[in-house]
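Peer 1: Spelled out, the chains give:
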Amino acid sequence: MAAVALRFSGAAVGYRGAAVLRDVDLELPAGQVLALVGPNGAGKSTLIKAALGLAQVVTGTAEVLGSSPVRARGETGYVPQLDVLDPDFPVSAQQVVLMGRYRHISWWRPTGRTDRQLAAEALDRVGLADRARTRFGVLSGGQRQRVLIARALVARPRLLLLDEPLNGVDATSQMTILTVLSDLAAAGTAVVVSTHDLTLARDIADVVCLLNGRQWAAGPPQQTLTAERLREAYGGHTVILPDGRDMLVEL
Amino acid sequence: MIERNHGVRRLVAWCAAGGVVAVLMAGCGSPGRAGAADRSSAAAGTLAVVATTPQVADFVRNIGGGDVTVHQIIKPGVDPHEYEPTPADMQAIGAAKLVVKSGVGIEKWLDPTIEAAGYQGAVVDASQGVTLRTGDPGDEEMVDGDPHIWHNPLNAKIMVQDIEKGLAGAAPARSGVFAKNLAEYSATLDKLDADNLAAFAKLPADQRKLVTNHDAFGYYIDRYQLQFVGSVIPSLDTSAELSTQQLTDLVAKIKATGTKAIFTESSLPPKTAEAIAQQAGCKVIGGPDALYGDSLGPAGSPGATYLGAEEHNTQTIVTALSGN
Amino acid sequence: MSALFLEPFQAPFMTRALIELVLLALICGPIGVFVFIRRLSFVADALTHTIFPGVVIGFAAGGLDGIFVGALIAGLVTAALLTLLTRRAELTDDASTAVLLTAMFAIGVVLVSRQSSYTSDLTAFLFGRILTVTPRQLGETAALAVLILGLLAVGGRAFLFRAFDPGGAAAAGLHIGRLDLWLNVIIALVVVAAVRAVGTVLVIALLIVPAAAARLLTDRLGDMVIAGTALTAGAGYLGLVISWSASVGYGIRLTSASAVVLVLVLAYLLLLPAGLRRRRRAVPR
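Each protein sequence line maps, in turn, to chains D, H and Y.
So for the first sequence, my numbering puts the first residue at 63; every next one is plus one.
So for the second sequence, my numbering puts the first residue at 1333; every next one is plus one.
So for the third sequence, my numbering puts the first residue at 6; every next one is plus one.
Keep in mind that a hint or two might mislead.
Stated by the list, open to error - Partner residues are not named here, just some residues of chain H that face chain Y (Cβ under 8 Å, in silico):
1) P1417
2) P1419
3) A1420
4) M1422
5) P1444
Hints in this document: simulated from the structure, not taken from any laboratory.
This structure is a prediction, so every number in the text was calculated from the model and none was measured.
Positions of the beta carbon are idealized from the N, C-alpha and C atoms, including for glycine.
Throw the hints in and build the complete structure from the sequences for me.
Peer 2: Okay, here's the thing in structure tokens:
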């Protein structure tokens, strides 16, 4: 059992040989929460994809659960951004969660009772047991996010990567999601969350990484989410919303 | 909100209901009604014959007389080279006692159709015994020879002989009637040939030139010793178009030979022929006066029968070429 | 009236035509649904055009049998090319597909014009000859149905995941490029199989319309497959009945393939209001 769930050393990540994000040096121990902070276009999604083997590590190294990103896929969970999914798709919440089980079902076996049971349990964990048969696209943004988290959970990942999980999510769902994440961390799963919500980062993260074309800082929130550091990385592009949350706006 | 799938259940229910109703009605319906409105069922007592082209169908009607009911597959004006048989055609073939085809590769679709319809009887090839002329060797369709054999009345005589043999074989009891009809019809074919010869004899030798839409009159030209300047559509395939070079060549040829008229056929559009006529400065005979090349005319027109069509062709050609 | 719905099928060639259409329904029902959810309707249409040069070459090389092999090869080549062209994009790249479609079709036309006579058998390939389908062809279609349904049974889950969430599917270890190639190959196989019965011009209707109509009825994948298959089979049956009645009863020429497609389109139009109502009822949140 690797003590370090995720490690980037002197890494630059991008696509087809072109780096989008440079100078990444971070370590995430098991059971802790890492917040990747930055506005849109900073490279947060790319870093997450690099940890999944979906983006290239152009220079440097990436280590996921003690091995390479591609080989660690069986134990990493991924919750993508909501807006890339087609809201008209004819699939139910339960079917979406079941997709998380596919990796563990041999190709010649149909999905069985055990699989469906695990899916039901995962849905229950995110508080959507009664919505199993509802079409995915009909659910609210927050509910859909929770379904995607359930999908990742059903495979019992040791590292969970979530790309902007609280975007467009209502307050109730947010609370549920945060509870699930902290429970996961407490149980030993490492969690990576990308966000441009500074308040969220402050609240849940053990490690914060400031990203903006390159890594500007990495460390505990008290050290990284300081006014000085933020100005350095983002040049005064923070905005305080009426509900008191600090957000980063697009450059 | 839990969705209920009314839609799919309703659809399946309708399909099931439809199936049940159909079966019930089948049970209540009278089984003997094998298509009273079926046009292809033979009148009582006659021999059911299926003929492919209008020309062959006309021959069968003349040789068979009142003793046959003919189902003609290719309607007048329809291209016989490519044809998709209808359910009525296939049903007629299945119920037929004899099938007659024109032959020489015109009806490539016939064999699979016969097989699918389950017909196992005799198929009369009306072209048997006819000396075929080879056409353009580069043409795929010429593999079997030029199929437009009927334009020479002497060939038509052979065709009706083949047909009579087939009819007699299918209905031996009436072979006497068929033989009589054959003798009468052959006599009219001889008269047609004689009339054609006489008509062309009146035309000066250097005016006997033929430019038509379609290289379909090879046998006619050979019989009556006309000169073939060129066809508007070089290959025997009715869908091919001329290239610019081919067009220029043909116009030059026409001008060089001094043909007075070019002829289009009833089953092809006249626009291509008109273009050439304008450039070469000659008359275009088309429209209602068009020649019958591949097919016969619709019922009621002068070209509805073989004799009518051939007489019309000769009259039209001779009149146009003599400069009237 | 009973005669209307059952009498046509007393003729063996009509029964064979019906069996062929039912087999095609079993194939095109499920595949059509995948074409729908992957938004591959244009790709499927492109395939019906790109097999044309294969048809011409196959005919020149080996006559009627050559057509099938030629179409198959052209279809597989297209499937591979299209997969490559669309690899990088999340959605299919319409422009590159259109270029491939027109390029290959134009090649086919050039090849065809160099031949002196070609129309008869090629027309059959473009428009189908469902009434002359032989028992051997039925066997071939059945074998293909078994193959394709087998491939779907094995790969259906992966296709579904990839269609819904390509990023998530890739993260779960699925090979997107390989899956796309497999699905394109399956669609090519379906096109080549259905072409003999209804022709290239109309096979696209079998792949697109039933799934679209089924989507109006339901938003559950399994039910879409059932509805699509049932609709295709039903349209096949009704189309044959209509074509028969028109020809035998009234002397009107209406090809069976056209009748089938018209019934399908009619069904879609009739279901449209139901679909719109569903859409309005399904208010999110």
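Peer 1: With reference to the structure, classify each hint as holding or not holding.
Peer 2: Comparing the hints with the structure gives:
Contact between H/P1417 and chain Y, as hinted, is supported at the beta carbon level, the nearest pair being about 6 Å apart and thus within 8 Å. At about 4 Å, the closest approach between the beta carbon of H/P1419 and any beta carbon in chain Y falls short of 8 Å, and the interface hint on this residue holds. Interface restraint check: H/A1420 against chain Y, minimum CB-CB distance 4 Å, threshold 8 Å, status holds. Among the interface hints, the one on H/M1422 holds; its C-beta lies about 6 Å from the nearest C-beta in chain Y, closer than the 8 Å criterion.
Of the supplied interface hints, the one on H/P1444 holds, with its beta-carbon coming within about 5 Å of a beta-carbon of chain Y, less than 8 Å.
Violated hints: none; the structure is consistent with every hint.
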